[in-house]
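Asks: Here's the letter readout for the chains.
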Amino acid sequence: MGCGRVGARVAETLDAGGHDVTVLDLTSTAFRRLPDSFRGTRAIGNGMDGPVLERAGIKEADAFIAVTQGDNRNYFSSQLAREIYGVKRVLCRIYDPNREQIFSELGLETFSPTRLGAEIMVNMLLAEPAHGR
Amino acid sequence: MYVIVAGGGKVGFHLAQELLDANHEVLVIEREAARAAAVAEELGGNAVQGDSCEVTTLDAAGVSRADLVCAVTGDDEDNLVICEVSRRRGVPRTIARINNPKNELLFKKRGIETTISATQAVLGQIEQELPTHEMIPLLQLHSGLELVEVKLPDTSPVAGRSVREVLLPSESLISLIVDPGGVPRIPSGETRLNAGDALVVVTRRENHEMLREALIGSTHGLDT
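Chains as they are written, first to last, in our numbering: chain A, 1 to 133; chain B, 1001 to 1224.
Chain A on its own, in the form it takes in the complex:
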């Protein structure tokens, strides 16, 4: 859910790996980020809406990934997928590190690019340069 840069790349990678992938986004223009080689399904609609998720095949899904720009939207849809549709693996992107911590304590598989990005940057800065000066 969410065909931004990250969503499109995840979809492309999984598709190339032989998985059956459906990408959901509010607008069809977002699908331009997918490569021509993408063999999966492109679905238009709001992933916070149960019937939209059903049309996208949520009942048959083994995994659901929420990567829209909205933390709360991602959380909401992830809980829909988990609690209502019983999807086994649910991954959820949460930009806000505080919220991410709470949501992961509530049982979701979450990741915060903010927290991870900051950690990586600090580590890069403090580590010895790999190739001298």
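Rather than coming from a laboratory, the hints here were simulated on the basis of the structure. Each residue gets a CB set at the ideal place from its N, CA and C atoms; glycine is no exception. There may be inaccurate statements among the hints.
As the list claims (entries may be wrong) - A few chain A residues that face chain B, going by a derived Cβ cut-off under 8 Å, partial list only:
no., residue
1, 33
2, 50
3, 80
Please arrange chain B on chain A, whose structure you already have, making use of the hints.
Replies: Frame of chain A; chain B shown alone:
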């Protein structure tokens, strides 16, 4: 008690005002700066600008000592997050406004039992008896049916009429009448309705407005 109202729209504003009038400690958190300032001015300073979905905002509002958090923004996903975060911070009671009725099941699954769709209902949940609000949701039944209490005002179009003459919305039923003296009666078609009677009605949520119009008359008072 200390109540945090997340969302300073019409619902949040009127809710806060009623709670303040009832001498509760209230803080409204509104995301939009201009709206927050307007609400703060109206409510004697009991409002701040901030994003209630942010943990830091809730912490700054003293969420851990709140007795109740009402999440009444116009976005269900925000309301869910506000309730989840608040409960995580130890708030004993959360109430969520639900805009899309289809979302109710998810809130229930997440353990947020008290969900409503209007200011009127929020007030009904906090305090069952508010004479100024004539229609109070009592109980959610199965498959979209619910039980509401309607107090007939003096201006009710059905006062003085028999139950048979009342034109109710479909799938609605007057199941009990309690007169002003507190005496309950199971109505028959001949039972006469009087101003001051409290009617317990089974209805559908989508028929609220029609029911209100049938029993109370022209809609007035709080907006939803």
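Asks: All the hints need checking, so say for each whether the structure fits it.
Replies: Verification of the hints:
no. : hint : verdict
1   : 33   : violated, 24 Å
2   : 50   : holds, 6 Å
3   : 80   : holds, 6 Å
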